[in-house]
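S.K.: Chain by chain, the residues:
There are 2 protein chains.
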Amino acid sequence: MVSVEMPSLEEIRKSRPSKYFGLERDVISLGLAESDFEMPREVKEAMISAIINGRYHYEMNGVAEFIEAARDKLLRVNNIPVEEGEILPTVGVMNAIWLTYRVLLKPGEHVIVVTPTYPPLIGRPKSFQAEVTEVKTREDGHLDLAAIEKALTSKTKIITICNPNNPTGTVYTREELERLAEIAVKHDLYVFSDELYENLTYDGRKHVSIASLPGMYERTVTAFGFTKTYGMSGLRIGYVVAEEKIIRLMRDENTGIVIHPGTVEQIGAAAALRKCDYYTDFLKNYLERVRNRLIAELNEIPGIFARLPEGTFFAFPDLSPLFEKDEEAAEYLLKEAKVLVYSGNGFGNGGAGHVRINFCSPLEIIEEAAVRIRNALMKRYNAIDKKMS
Amino acid sequence: MVSVEMPSLEEIRKSRPSKYFGLERDVISLGLAESDFEMPREVKEAMISAIINGRYHYEMNGVAEFIEAARDKLLRVNNIPVEEGEILPTVGVMNAIWLTYRVLLKPGEHVIVVTPTYPPLIGRPKSFQAEVTEVKTREDGHLDLAAIEKALTSKTKIITICNPNNPTGTVYTREELERLAEIAVKHDLYVFSDELYENLTYDGRKHVSIASLPGMYERTVTAFGFTKTYGMSGLRIGYVVAEEKIIRLMRDENTGIVIHPGTVEQIGAAAALRKCDYYTDFLKNYLERVRNRLIAELNEIPGIFARLPEGTFFAFPDLSPLFEKDEEAAEYLLKEAKVLVYSGNGFGNGGAGHVRINFCSPLEIIEEAAVRIRNALMKRYNAIDKKMS
Numbered sequence: 001m002v003s004v005e006m007p008s009l010e011e012i013r014k015s016r017p018s019k020y021f022g023l024e025r026d027v028i029s030l031g032l033a034e035s036d037f038e039m040p041r042e043v044k045e046a047m048i049s050a051i052i053n054g055r056y057h058y059e060m061n062g063v064a065e066f067i068e069a070a071r072d073k074l075l076r077v078n079n080i081p082v083e084e085g086e087i088l089p090t091v092g093v094m095n096a097i098w099l100t101y102r103v104l105l106k107p108g109e110h111v112i113v114v115t116p117t118y119p120p121l122i123g124r125p126k127s128f129q130a131e132v133t134e135v136k137t138r139e140d141g142h143l144d145l146a147a148i149e150k151a152l153t154s155k156t157k158i159i160t161i162c163n164p165n166n167p168t169g170t171v172y173t174r175e176e177l178e179r180l181a182e183i184a185v186k187h188d189l190y191v192f193s194d195e196l197y198e199n200l201t202y203d204g205r206k207h208v209s210i211a212s213l214p215g216m217y218e219r220t221v222t223a224f225g226f227t228k229t230y231g232m233s234g235l236r237i238g239y240v241v242a243e244e245k246i247i248r249l250m251r252d253e254n255t256g257i258v259i260h261p262g263t264v265e266q267i268g269a270a271a272a273l274r275k276c277d278y279y280t281d282f283l284k285n286y287l288e289r290v291r292n293r294l295i296a297e298l299n300e301i302p303g304i305f306a307r308l309p310e311g312t313f314f315a316f317p318d319l320s321p322l323f324e325k326d327e328e329a330a331e332y333l334l335k336e337a338k339v340l341v342y343s344g345n346g347f348g349n350g351g352a353g354h355v356r357i358n359f360c361s362p363l364e365i366i367e368e369a370a371v372r373i374r375n376a377l378m379k380r381y382n383a384i385d386k387k388m389s
Numbered sequence: 390m391v392s393v394e395m396p397s398l399e400e401i402r403k404s405r406p407s408k409y410f411g412l413e414r415d416v417i418s419l420g421l422a423e424s425d426f427e428m429p430r431e432v433k434e435a436m437i438s439a440i441i442n443g444r445y446h447y448e449m450n451g452v453a454e455f456i457e458a459a460r461d462k463l464l465r466v467n468n469i470p471v472e473e474g475e476i477l478p479t480v481g482v483m484n485a486i487w488l489t490y491r492v493l494l495k496p497g498e499h500v501i502v503v504t505p506t507y508p509p510l511i512g513r514p515k516s517f518q519a520e521v522t523e524v525k526t527r528e529d530g531h532l533d534l535a536a537i538e539k540a541l542t543s544k545t546k547i548i549t550i551c552n553p554n555n556p557t558g559t560v561y562t563r564e565e566l567e568r569l570a571e572i573a574v575k576h577d578l579y580v581f582s583d584e585l586y587e588n589l590t591y592d593g594r595k596h597v598s599i600a601s602l603p604g605m606y607e608r609t610v611t612a613f614g615f616t617k618t619y620g621m622s623g624l625r626i627g628y629v630v631a632e633e634k635i636i637r638l639m640r641d642e643n644t645g646i647v648i649h650p651g652t653v654e655q656i657g658a659a660a661a662l663r664k665c666d667y668y669t670d671f672l673k674n675y676l677e678r679v680r681n682r683l684i685a686e687l688n689e690i691p692g693i694f695a696r697l698p699e700g701t702f703f704a705f706p707d708l709s710p711l712f713e714k715d716e717e718a719a720e721y722l723l724k725e726a727k728v729l730v731y732s733g734n735g736f737g738n739g740g741a742g743h744v745r746i747n748f749c750s751p752l753e754i755i756e757e758a759a760v761r762i763r764n765a766l767m768k769r770y771n772a773i774d775k776k777m778s
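Protein chains in written order, with this note's numbering: chain E, 1 to 389; chain S, 390 to 778.
Do not take every clue at face value.
[As the list claims (entries may be wrong)] Taking lysine-lysine and the DSSO-like style, the derived pairs with C-alpha atoms no more than 30 Å apart in a straight line are: (1) 634(S) <-> 126(E); (2) 768(S) <-> 14(E); (3) 403(S) <-> 724(S); (4) 433(S) <-> 14(E); (5) 275(E) <-> 515(S); (6) 126(E) <-> 495(S); (7) 106(E) <-> 544(S); (8) 44(E) <-> 433(S); (9) 186(E) <-> 206(E); (10) 44(E) <-> 338(E); (11) 515(S) <-> 245(E); (12) 724(S) <-> 44(E); (13) 275(E) <-> 664(S); (14) 73(E) <-> 515(S); (15) 525(S) <-> 714(S); (16) 126(E) <-> 462(S); (17) 664(S) <-> 155(E); (18) 126(E) <-> 150(E); (19) 403(S) <-> 44(E); (20) 14(E) <-> 338(E); (21) 106(E) <-> 515(S); (22) 106(E) <-> 495(S); (23) 155(E) <-> 433(S); (24) 14(E) <-> 462(S); (25) 126(E) <-> 515(S); (26) 245(E) <-> 186(E).
[What the hints assert, rightly or not] Covered stretches of chain E (in silico footprint by chain S; criterion: 3 or more residues with CB under 8 Å from a CB of chain S, positions within the stretch not fixed): (27) 14-27; (28) 34-44; (29) 75-86.
By construction, these hints were calculated from the structure, which means they are not laboratory data.
The beta-carbon is built from N, C-alpha and C at its ideal position, and this holds for glycine as well.
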């Protein structure tokens, strides 16, 4: 079995300046959405070979082998057959988010965003003078389709989902996506689906791209990336898939912002798609164990129920039983447990009271962090319990 | 003496898919602004070392060694002392152009752009609902300061220059920049200076950054890059320099568009600044010879006067004596000379009738192209001459 190297905390701390920015030496960072694992050897080799062989010049139409690899993967993995002109390489998924809202929205139009979710999915349409309604998921993290339908207005243009969901880890089922698709078709809407974490689905779940459902391709924009699940956050590369007329608008727009994403990154990304299923398979199996350990530890705390994330590398427990104010939980854990987690209130409606814990780390590190978190929260529980009695 | 490898036309054609896009095999491309020379060995080594050593993760504040190298170079070369927070790494100069206009301009404000110039410098402010006045340079390519002053309105916010100028090759003198600075100070304006070609100044000319002049730092935004003069167009990296409050706005904006430019590119760019003066010095001396050869050839054509470009790798001869319509010259040269050049009318006011010829190629290739151009234009001249007589 092929495995992936386990870095030490010291190595991680040194090579991830942003994940560990401003933290004291004894803090474990489970904050920034970044993998602690190095990227696949095949990606490194492809990039090095590109550099040695002079492949770092303009590629205005995208690097052909990247576009081809993405087409093959979209068919093989996502069941989305696309033409060359329906894929745009982007400077990571952030760039795809910006472009999608930019080309689809006019000022005054309305977007429904399923929350909690990745904050730019909520904030960006507002910056383009669109109106945003956040629709909370159900308690179990799945789509509240009745609430989505209720939020529709005559101005609604897009429904945005993040699937698998950052921060809840929810992997939407084919059935609920079919029902969402019905709504989109019935009301003639676009769906924008951020699928950056598509590789990480646990307990045998299968990721379903909503663009693969009947009638949906022409009304879906899907963003894919590499930065998280391939451990290459600083290589700014992803791709967005949509009908050609949309991609053409996005390409024109992006040419005037960045020209195009880096050629060497595109060549590395092609290798990730062609040669690295073993890597994401290993990561998925490994992180499932890490997840189980973390969640078991969290469920030791009285009054706290931590749901098993179905995908991604995030746990999103509700700690509100132990804290009065929104940001208190994350602050407390940094101070008492020496573990950095993110406060849930940044992730929109439904995030308050939660914390997001990034568990994309070696098991040993998550075990240490989980024990620290459990002990700190137990202390908190006992203090409250004492006060109550 | 250190030299730079001379690639064959076949190698260039293969490794520059965009420069040679859609062209027949017998065409020489002097169109797209791209160098035919490979990037410095030191940049390759730095990038490869970054990949091997796991340095490709998030760097939200910019890669420290890149920021440091840029600070040192700004002081040493540009005479601009800056703090860490006054530099933002960008996804090439295009990204810097977008950000500069985005954060400095409000709708309805007015920008004076000295033309001919790089087209996005003219087009981008319009896309942000600003008004643009193009002020033509003098016949010799230098600033027409009276015309600039005359174009000022009560809404004028920015004067934009490209120095050395793409496409005319003009290197603005200290004296004219001082006079431009006086205007900026007197009317409380910003100057936006695109200095992507700073390394290429001929005949002993010295590049002067307007930000280095007294009273100008706080009212100047300067964009620098690597993609052209270091032969690395597909590595999307540059940097922009301004007061901290401006850089802070730009960083916030860019975080929501691309997060940041690639980490590996930033590490490569640091090596370019630290170790590769020999490379740009070689290129400058070499291209001065190439330029001389090209211009001599063009001046063989009766009725045509081609000015020696003072910097950059562009010649911008006025071919209007031989052609009636704007785009005719470039079309004719592609067909008759099998040389791709760009039509001058894309470069704004003052560009019409000209063509831009990119001479950043091995001497042998430019010699071949120049002879082809001369023969084709002689043929044209003779045909006109015959018709006239």
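S.K.: Please verify the coverage claim for the stretch 34-44 of chain E: does it have three or more residues whose C-beta sits within 8 Å of some C-beta in chain S?
M.R.: holds (count 4)
S.K.: Taking only the CA atoms, is the gap from residue 44(E) to residue 338(E) under or equal to 30 Å?
M.R.: Violated. Residue 44(E) to residue 338(E) sits at ~33 Å, over the 30 Å cutoff.
S.K.: Against the 30 Å threshold, does the CA-CA distance of residue 73(E) and residue 515(S) hold or violate the hint?
M.R.: violated, 40 Å
S.K.: Compare the distance between the alpha carbons of residue 126(E) and residue 150(E) with 30 Å, and conclude whether the hinted pair is satisfied.
M.R.: holds, 20 Å
S.K.: Does the alpha-carbon distance linking residue 14(E) and residue 462(S) stay inside the 30 Å limit?
M.R.: holds, 26 Å
S.K.: Hinted pair, alpha-carbon criterion (30 Å max): residue 634(S), residue 126(E). Please report holds or violated.
M.R.: holds, 24 Å
S.K.: Starting from residue 525(S), check that the Cα of residue 714(S) is at most 30 Å away, please.
M.R.: The given pair, whose Cα atoms are some 20 Å apart, holds under the 30 Å limit.
S.K.: With a cut-off of 30 Å on the C-alpha distance, tell me whether residue 433(S) and residue 14(E) pass.
M.R.: holds, 23 Å
S.K.: Do the alpha carbons of residue 515(S) and residue 245(E) lie within 30 Å of each other, as the hint requires?
M.R.: holds, 24 Å
S.K.: Do the alpha carbons of residue 403(S) and residue 724(S) lie within 30 Å of each other, as the hint requires?
M.R.: Satisfied, since the Cα-Cα distance of roughly 22 Å is no more than 30 Å.
S.K.: Within 30 Å, alpha carbon to alpha carbon, are residue 126(E) and residue 515(S)?
M.R.: holds, 22 Å
S.K.: Is residue 106(E) close enough to residue 495(S), meaning Cα to Cα at most 30 Å?
M.R.: holds, 19 Å
In terms of the numbered hints stated before, the structure departs from hints 2, 5, 10, 12, 13, 14, 16, 17, 23, 29, listed from lowest to highest.
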